[in-house]
Each structure stands twice: as structure tokens, then as C-alpha cells.
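If you read the sequences in order, they're chains A and B.
Start counting the first sequence at 1; every next residue gets the next number (our numbering).
Start counting the second sequence at 1001; every next residue gets the next number (our numbering).
Since the hints were made in silico from the structure, they are not lab data.
A hint or two may mislead.
[As the list claims (entries may be wrong)] Examples of chain A residues toward chain B, derived with CB under 10 angstroms: (1) 21; (2) 25; (3) 51; (4) 52; (5) 129; (6) 135; (7) 194; (8) 198; (9) 201; (10) 207; (11) 209; (12) 215; (13) 217; (14) 255.
[Unchecked claim] Lysine-lysine pairs mimicking BS3-like chemistry, simulated, CA-CA at most 25 angstroms apart: (15) B:1017 - B:1290; (16) B:1134 - A:76; (17) B:1134 - B:1079; (18) A:296 - B:1205; (19) B:1290 - A:196; (20) B:1139 - A:196; (21) B:1095 - B:1083; (22) B:1276 - A:196; (23) B:1143 - B:1205; (24) B:1091 - B:1072; (25) B:1083 - B:1017; (26) B:1072 - A:196; (27) B:1206 - B:1017; (28) B:1206 - B:1041; (29) A:196 - B:1247; (30) A:76 - B:1087.
All residues carry an ideal CB built from backbone N, CA and C; glycine is no exception.
The lines below spell out each chain.
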Amino acid sequence: MSKKNETPELLVSRKYVRQSQIRIILHNLRKNKGAMIGLAIITLLVLVSCFADVLFDYDTEIAGLNISEKLIRPCKEHLFGTDDLGRDIFKRVLYGARYSLGVGFAATMIGMAIGVVFGAIAGYYCGLAEDIIMRLNDILSAVPSILMGIVIVSALGASTFNLMLAIGITSVPQFVRITRAAVLSVRNQEYVEALKATGMSEARIIAFHIIPNCMSPIIVQITLRIASAIIATSSLSFLGLGVPVPAPEWGSMLNLGRSYVRTASYLTIFPGIAILITVLAFNLLGDGLRDALDPKLRK
Amino acid sequence: MKKDTEIRKDDIALELKNLRVKFVLERETVEAVNGIDITLKRGHTLGLAGETGAGKTTTALSLLRLVPHPGKVECDSLKVDGKDVLKMTSKELEKFRGSDLAMIFQDPMTSLNPVFTVGQQIADTIMLHNPTTKEDAMKQAEKMLELVGIPAVRAVEYPHQFSGGMKQRVVIAIALACNPGVLIADEPTTALDVTIQAQVLALMKKLRDERGMSMIMITHDLGIIADVCDEVAIMYAGRIVEYGTLKDVFNHTKHPYTEGLFNSLPNIRNRSERLKPIPGLMPDPSNLPKGCAFAPRCRYATEACRTARPADRMVSDTHMVACTAYDDPDFRIDRPEKD
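Please put together the full structure from these sequences, using the hints given.
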């Protein structure tokens, strides 16, 4: 506001700036050490996966054979050692981040997109639509997710995209349930009725007014689902149903190192630690976000 | 906007004939509204008064055709600004709501979406009915805020940063944003304290007169009706039992129920006097008595009241009362008439 304006002192001194909700949430998140560590690890992993092709040459360093250097113990040159085909495990673990993160993220997004739409429909239109969606959802969640993933991947064939689809579909039920619960609590609010009275269509009300009010549990669910999607990716790859070899997916690296567990345990230890740290990071961030998004826990 | 600015006082803004609303449940049928006629002239304000559960809000929602499931609305005719609302498709209804007929809801605390700024919410309504850009709509929204006495700079704030009275003003701004011909106010001041209530009512009166708007004021506070309305309809168990100008109903009260309402007000001149409440409770709307719904509580009730529904009787050109007792030309209620 300009100073020559005749507004009384009191009004001038007060800042009429729109308080960004994102800034408030970030501020809360910053106070949570665990969440910040998680965020730092995730940022690092994202950077590594973005620039993996710049850092390493896929054909020679990641997938290329070098039999003369096979099974070297961790040393200065090969921090994590080399595997039975002479490939540097440190480089492969770093490169593998892009598979885990990429598949985990994409699968969660697929699951969220489907789950939020159906959850919102089920929560908003009670009655037959809700019954059908929720019972189908019960059927879907009754099947163990790994089994579901195996079925989908073996039906469609093993490829990275099918893996995303399989894991995405197995995470749909969680999103449906969470969205429905949140929508149920919002749909009877008086402002929804007031919006109808101003002539807004129901589709618009759901998309622009109800779903934004349900975002915080969904956001938290996204971070937590990414973590379990990463585990699912590795599990399916371990079973040979995920990212095809010779891609250095952490799960398939575990599988390759399986036969050397007694003699060269570093083949399995390091990819295992990578999975552990990544999943931990997402869980830490998810926990922190849940607290930061909850207005009751602020201050 | 289509509205011609000249105010034609005698034009009819809203016409409702024989509205019935039923909620059909598995075990019972709740008869919420049983035959209501409303004729509202342009620029006039109608007060709809009655106890909780008399069907006031249901009437208002059926004007917007927003009665929730499983409600069944039947109506002979509903015209707003000459448009036949019953024949509208759902697309036309969406256009109609907000631009021809707007509504203010009872509780300002929950009538605003907590995740958007108030400016956005007013602009949203404007953009819904007018093809404008976002910037223009925001500018208009700020003007609307100024109109209801809130500094325009506060348009960027969220509802939780406003007090209750200010939120109700924002709700009024949203309702008025598209210049509706008729405004329904559903107990707009019930959630507010008396001082703020007076402010909000004064604001609504001012805006109504400036814009030549018609208004339906739903309330159970007879004081508000005396303050704001031109005409009054007293509702009981889903029917209008007395209808007339403010003077007709307040000074020449005819219906025993209206009499009971006035008697249950505290007397300011004799403050130690006991209140005289109407004995009994409103009948169960799923099991209404065959005759007059008020008969079980009425001290003038006769056998005739319990068997047949009273017909609407015009006691003067403007004054309607639905009471069988007036079959006897000498019948008078105890409340003295004033002039």
C-alpha cells in the first residue's frame, strides 16, 4: 500500500499479503529434522537419477562386461566392489536409483489418478455408485499386492511400463479409501450447498472445491505409497518380473548376487542398503508432511 | 446482465403455487411442506416465520430446486422473474441459480470454502455467470467486498482470518455478486450476536433498496421480521397458517398460532411476567393429524378442527388466515387488535 493513501495507521501497519499455504507448510516441515533428512536424501537421489546418463556411460560402465575385474572386494577404485561380470557395484547402485524412483513415482501417480477419481465419486454420490466402487475396491485389496503385480506383469509381459501399471493398480485401493473418507467429511459442509445455490455444476464443485479440501491426506499417502512402490518394484525385479536385465535395478542386483551371498556378500549388501535408505527417506518425509499438513499440530 | 434497472414495484418477482415436499423413507413418509403459495412482488420482502421444523428451509431449497434426496417436490407452478423454473433443464438450472435467485445460508462459519481466499470465492461466482477474465472478476470481487463494508485489500485473505460477522458479509457479497432478482436469506443472522445482527440487517436492507431486489427472509425472530419485511407468512407444520402485510399479521393477528407466538415473547414493560409458551410440541411430520395441524395445541379448537383441514380464508384483501374458527363471524382471539 502506498504511504500517501489515507488509510489509518492501523491498516497500513498490517500486511495484507496473501499468506501462501505452501510457505507455511514448508516452514513447519523445516522444523522436523527427520523429514529434512528424508527430503535431502530424496533430492540427492532425484539429482543422481536425472544426471545418471551424464555421469556414467550405460553401455560400458553399467551393462558392459569386464570379466578380468570380476568379484573384486570393495577397495579405493571400486567403492562397493564389482560383481561376477566385473561391473562396478557403486556405479550400478547409483544408476539404479532412476529405476526405483521412476517406477515408484509413476506407479503412485497412476494409482492416485485412478483412486482419487473413483474415491471422490464414491464419497460424493452415495448409494449405488458408492456400493459398486467400494465392493470392487474390497475385491482388489483382498488380493495380496505382490500376487496382483505378478499376475498383471505375467499377463502383459515384463517391461518397465507394465511394471508401473501393475504397481499402480495395486495402490489404487488405498487412494480410493482415503479419498472417499475425506470427501465424505467435506461433502456435507454448508459451503458445498452454498456453491450449488450459486449455480455451480457438481463436477466443478467436486474437482475445484471438494478435492482441494481433501488434499492433505492424499499428499501424505503419496509419499508413503512411493516407498512401498519402491519395495514392490524391487520385489518384482528380484523375481525377474520387473525391469529386464541387464538394467541395474536394485531388486535384480539382489537376485544376481544371491548365489554369492557366502563368498561375496557385498553384491547383495549395497543394493539392499540402497533400498533401505530410499524407503526410509520417503517414510520420514511422509511422516513429516503429515504433521506439517495438520493444522492442529502447528505450534 | 439482463436486468433493467427501473424498479417496477407491482411486478411479480416470484410466484409459487401449491408446493408440496415429501421425504419418502422406507418406513414412513415425512410431509415437510404441504401446499404453500407465495407471491412476491418486485422490491418487496417476505418474511417466513415459524418454529424449527415448520418447513421454512425446505421451502427455500425447493425454490432453488435443491431439495436433497430422498425429497420429492411437487408443485403446480414456480415462476421467478417470469421464467418457469419447473421446465428448466439441469444446465438451465445451474445458470438460474445464483444469477436470478440467490441464497444466503444460515451458518457463515461453514458457508465458505476454507482453502480459497474470499476474493477467489466471490470471483468464482462472478465468472460462473459472466464471461469475464480472472483479473476483471477479481476487481469486481473487490468492489463487492467494499460494498459490504470490508476493505478490498482483504480479498487475499482466507475465511479463517475473518470474524463471524465479516464472513456473513462475504457470504452476502457472494450471493449479490451476480445481481440476483430475488434473494433468499435463510436465518442469516442466527449465528451472529445482536450487534452484528443489526449491522448485517441494516446492510441487507440498504442493498435491497439500492438494487430493487426482492427478498425472502426466513427467520424465527419476529423482531427481524418487523424490522425488514413488508409481508409476513407464518408457517406451521408445512403450511402457511397466516399471511398478510406486516400490519395485518402484527396488529390484526387472526390465527391462534400467531397469537401464541406473540404471547411467548417477553414483555418489555412487565419484565417479571411469566412467559406464556404454546403448550405441546409440533406434530410429527410423518404422522400429521387429519384436521388442522395446530388443533392439538390450540385452546380454541373444536371438534370440527380435528376432522377437516381448515380452508384458506381471506379476511381482507391482503390478509389470509387458515382457521376454521372464523366460520363463526363473531369469533375473536384474545389478543387485542392495534392500529
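Each hint, compared with the structure:
1. Checking residue 21 of chain A against chain B by beta carbon gives a least distance of about 8 angstroms; that is within 10 angstroms, so the hint holds.
2. For residue 25 of chain A, the suggested interface contact is broken, since its CB lies about 13 angstroms from the closest CB of chain B, more than 10 angstroms.
3. Hint status for residue 51 of chain A: violated, given a least beta-carbon distance of 36 angstroms to chain B, over 10 angstroms.
4. For residue 52 of chain A, the suggested interface contact is broken, since its CB lies about 38 angstroms from the closest CB of chain B, more than 10 angstroms.
5. The interface hint given for residue 129 of chain A is broken, as the beta carbon of that residue sits about 13 angstroms from the closest beta carbon of chain B, more than 10 angstroms.
6. Residue-level restraint check for residue 135 of chain A is violated (minimum Cβ-Cβ distance to chain B is 21 angstroms; threshold 10 angstroms).
7. Among the interface hints, the one on residue 194 of chain A holds; its C-beta lies about 5 angstroms from the nearest C-beta in chain B, closer than the 10 angstroms criterion.
8. Look at residue 198 of chain A: its Cβ gets to within about 4 angstroms of chain B, closer than 10 angstroms, so that hint holds up.
9. The beta carbon of residue 201 of chain A is positioned within 10 angstroms of a beta carbon in chain B (closest approach about 5 angstroms), and the interface hint is therefore held.
10. Hint status for residue 207 of chain A: violated, given a least beta-carbon distance of 13 angstroms to chain B, over 10 angstroms.
11. Because the smallest distance between the Cβ of residue 209 of chain A and any Cβ of chain B comes to about 5 angstroms, under 10 angstroms, the interface hint for this residue holds.
12. Of the supplied interface hints, the one on residue 215 of chain A holds, with its beta-carbon coming within about 8 angstroms of a beta-carbon of chain B, less than 10 angstroms.
13. Taking 10 angstroms as the C-beta contact cut-off toward chain B, the hint placing residue 217 of chain A at the interface is violated, the least distance being around 14 angstroms.
14. About 46 angstroms separates the beta-carbon of residue 255 of chain A from the nearest beta-carbon of chain B, more than 10 angstroms, and the hint is not met.
15. About 22 angstroms separates the Cα atoms of residue 1017 of chain B and residue 1290 of chain B, which keeps this hinted pair within 25 angstroms; it holds.
16. Restraint check for residue 1134 of chain B and residue 76 of chain A: not satisfied, since their Cα atoms lie roughly 61 angstroms apart, outside the 25 angstroms limit.
17. Straight-line distance between C-alpha atoms of residue 1134 of chain B and residue 1079 of chain B comes to about 33 angstroms, which puts the hinted pair past the 25 angstroms bound.
18. Under the criterion of a C-alpha separation no larger than 25 angstroms, the hint pairing residue 296 of chain A with residue 1205 of chain B is inconsistent with the structure, at around 39 angstroms.
19. At roughly 36 angstroms between alpha-carbon atoms, residue 1290 of chain B and residue 196 of chain A are farther apart than 25 angstroms, so this suggested pair is violated.
20. The straight-line distance between the Cα atoms of residue 1139 of chain B and residue 196 of chain A is roughly 23 angstroms, inside the 25 angstroms bound, and the hint therefore holds.
21. With a C-alpha separation of about 12 angstroms, the suggested pair residue 1095 of chain B and residue 1083 of chain B falls inside the 25 angstroms cut-off, and the hint holds.
22. Proposed proximity of residue 1276 of chain B and residue 196 of chain A is contradicted: the alpha carbons are some 41 angstroms apart, above 25 angstroms.
23. Note on residue 1143 of chain B and residue 1205 of chain B: the hinted pairing holds, with a Cα-Cα distance of about 19 angstroms set against a maximum of 25 angstroms.
24. For the hint linking residue 1091 of chain B to residue 1072 of chain B, the alpha-carbon distance of about 20 angstroms falls within 25 angstroms, and the restraint holds.
25. The straight-line distance between the Cα atoms of residue 1083 of chain B and residue 1017 of chain B is roughly 14 angstroms, inside the 25 angstroms bound, and the hint therefore holds.
26. As the CA atoms of residue 1072 of chain B and residue 196 of chain A are separated by approximately 18 angstroms, the hinted pair is consistent with the 25 angstroms bound.
27. A hinted pair counts as satisfied when its Cα atoms are at most 25 angstroms apart, and residue 1206 of chain B with residue 1017 of chain B does not qualify at roughly 30 angstroms.
28. For the proposed pair residue 1206 of chain B and residue 1041 of chain B, the alpha carbon gap of about 18 angstroms is at most 25 angstroms, so the pair holds.
29. With a C-alpha separation of about 36 angstroms, the suggested pair residue 196 of chain A and residue 1247 of chain B falls outside the 25 angstroms cut-off, and the hint is violated.
30. Distance check on the hinted pair: residue 76 of chain A and residue 1087 of chain B sit about 83 angstroms apart at the alpha-carbon level, beyond 25 angstroms; violated.
Checked against the numbered hints given earlier, this structure breaks hints 2, 3, 4, 5, 6, 10, 13, 14, 16, 17, 18, 19, 22, 27, 29 and 30; the rest are met.
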